[in-house]
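As given, the protein sequences belong to chains R and H, one line each in that order.
For the first sequence, the working numbering gives the first residue as 1, with consecutive numbering after it.
For the second sequence, the working numbering gives the first residue as 204, with consecutive numbering after it.
Simulated from the structure, these hints should not be mistaken for laboratory data.
Note that the structure is predicted; figures quoted are calculated from it, not measured.
Treat the hints loosely; a few may be bogus.
[Said to hold, decoys possible] Here are some chain R residues the structure puts well away from chain H; computed CB gaps all over 12 Å: (1) ILE108; (2) ILE131; (3) ARG151; (4) TYR155.
[Stated by the list, open to error] Partner residues are not named here, just some residues of chain R that face chain H (Cβ under 7 Å, in silico): (5) VAL49; (6) ASP52; (7) LYS55; (8) ALA97; (9) THR186; (10) VAL187; (11) PRO191.
Think of the CB as a built atom: it goes at the ideal place given N, C-alpha and C, for glycine as much as any other residue.
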Amino acid sequence: MVNSDAQLYTMEGIAAGVIMILTAYLVLGSPSVYTPGDTHITDMQLEQVGADVLKIMDTPPDLNNASELEKIVATNDGARFHQLFWETYLMSGEIAAQKTTRTGSSIITNATVYYHYTDTVTDPLNPQPVIQGYQLSKPLIPYSGSEPGVRVTRYVNVTARNTTDCSSCCPIPPCDPALCPKMPATVEDRPQVMLVEVFMWKA
Amino acid sequence: MVPSLLVGLQRSTAIDYDAVAYRTAVILTEDPGEPSISALPGVYVPTDATRFQWDSKTPSFLKNFMQGSSALRFGLTVSRDSPNILSQRKINLFFDPAFTAEEIRQCLIYGEIPYGYNITLTRLDTQEVFTNGTGPYPEGRYGYIRRYVKIKNYTSATVTNETHPGFNATTQYLTPPFDNSQYQTFRVALDGLWLYWDGTGSRKYLVSTPYVIDPTQDNITVNLGLEGFLNNSHVNPNAFTQELPNPKVYFDWDAWRANCDQPGTPPCSVLYPQDIPPNYATLRSIEFRDRSDNPIDLITAGAKVTVSYHDPDTADTMLPLTDLDPPSPVRVGNWINLTIGNVPQDYMEQNKRMDIVYTFVEDPVVNPGVDPGDPADDISLYIPRTLISGTLRYDYNPANVTQPALAPGILEVAIW
């Protein structure tokens, strides 16, 4: 008996074959688009800028003076830190790429100082080394977390604490020590290395 | 299906301009350049055709050097161990308009693509802007990096009677026992022992490169202000007719003249028919000498020396350094400004010393005597006009040398 039943089987078979080939083609032929991490470039540029600013703040101006950053940490002068780091250097009005630079929108910074002291209070018989941090300069607006931030650090060699020459709280010496911002009581009064950490993010 | 075939093609034509900008900025701010003599300051390193300090040459020399496929790289730092501290001399040379865009690409940016670029250095203390580029920032996409740097400034010494009264030699020449020497000399000493070592001569440690006063790398300037050192009072008229203990001692002519027409004495016009005008001090030469006082020919050795003579009445003139004959006149209110650059290592290293010697000669004053036409009765006096003597030590003492602080700056590189 000749009828059209076999044709259906053939067409089904061919259709199945075409679907399989099509699937295979789709799977093998679909392109994988690798986009470079564009945001990483912005982060890298910001991190480079932050590291550079800390570096030049920590370079003494001449043979007879300490660096600005050391003076700032020694006097705990957060206002001066913000004025130098953010106003004078980071957001300088002198940069050439004014209009089209990515840092045209404001960058917010938060500076913290980490130091090391020996805890003889908790267990007087067993003094423990402790690392503690305190805020050097507050951010203009709190960190919202919507933009990734970058972190730059620098070790600063602080030879001596200075409670009297805080330049932003006392422009005309002699200074009243009561006006100068206080370091935490646990900071030891000795030459030491302190870590300045600046966290930067886009507003 | 067809567009997906082209996706891969599109991505490969995008150039990472940011990476090129970053690399260029690293070369500018963290590399001393090539060729360079990487040694401690003040240590002698033999040089040859391919080993020298690139910023000690002129732009035309460097352009030739580039042609010969020798490696030249524009790095601006003072030395390899001082990243982010830039040398003033290298900045001046790099931003010289003599270099073409092609040469900058060949020696700084690298790669076969003819990038457009804009390199700008802004000094934050003086707001001076140095630019080297193919054009202004483009409207479209460009790669960018910003670096912060500190610029090492040149030092200078300013000597006047107010700042250095110790060099005033009035006592030496005008009070007994009178110094009768014909020349008055003033020296500025540049000694490697106290320039490269810690400044005290004790040789305990070397001064670090961002702060060292290194005449082979930086310019040295000496400004000598002569007011206060000059002896411009008039000759004692009695010096010509009387035997004075020292004819060089004199007093104020005008004050004497006010009293000379006294009853019983001949009038001034008879006694002194010739008004002796106030003559001026005279600079004879400016020389360079080494530790054993042998003369050094700095110009032939390749150094750059400029001396300008500032007279308040006329424009600054450039003085030649040769033995000035007749001696160059020097007046009150005058400054002699000397700048030396590019001193070769042969004359300035840790154990060497170089002195700048200013020689002033006496002022010959001739009184024609009773008979103006007869030279036999002429009386000549030699008056020391520049009463200066001593040696200024060019060192790290702020009282002697002005050492400007490192100046902050911003270097921006844009590539497109």
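Of all the hints numbered above, which does this structure not satisfy? Sort the numbers upward.
Hints 9, 10, 11 are the ones this structure does not satisfy, whereas the remaining hints hold.
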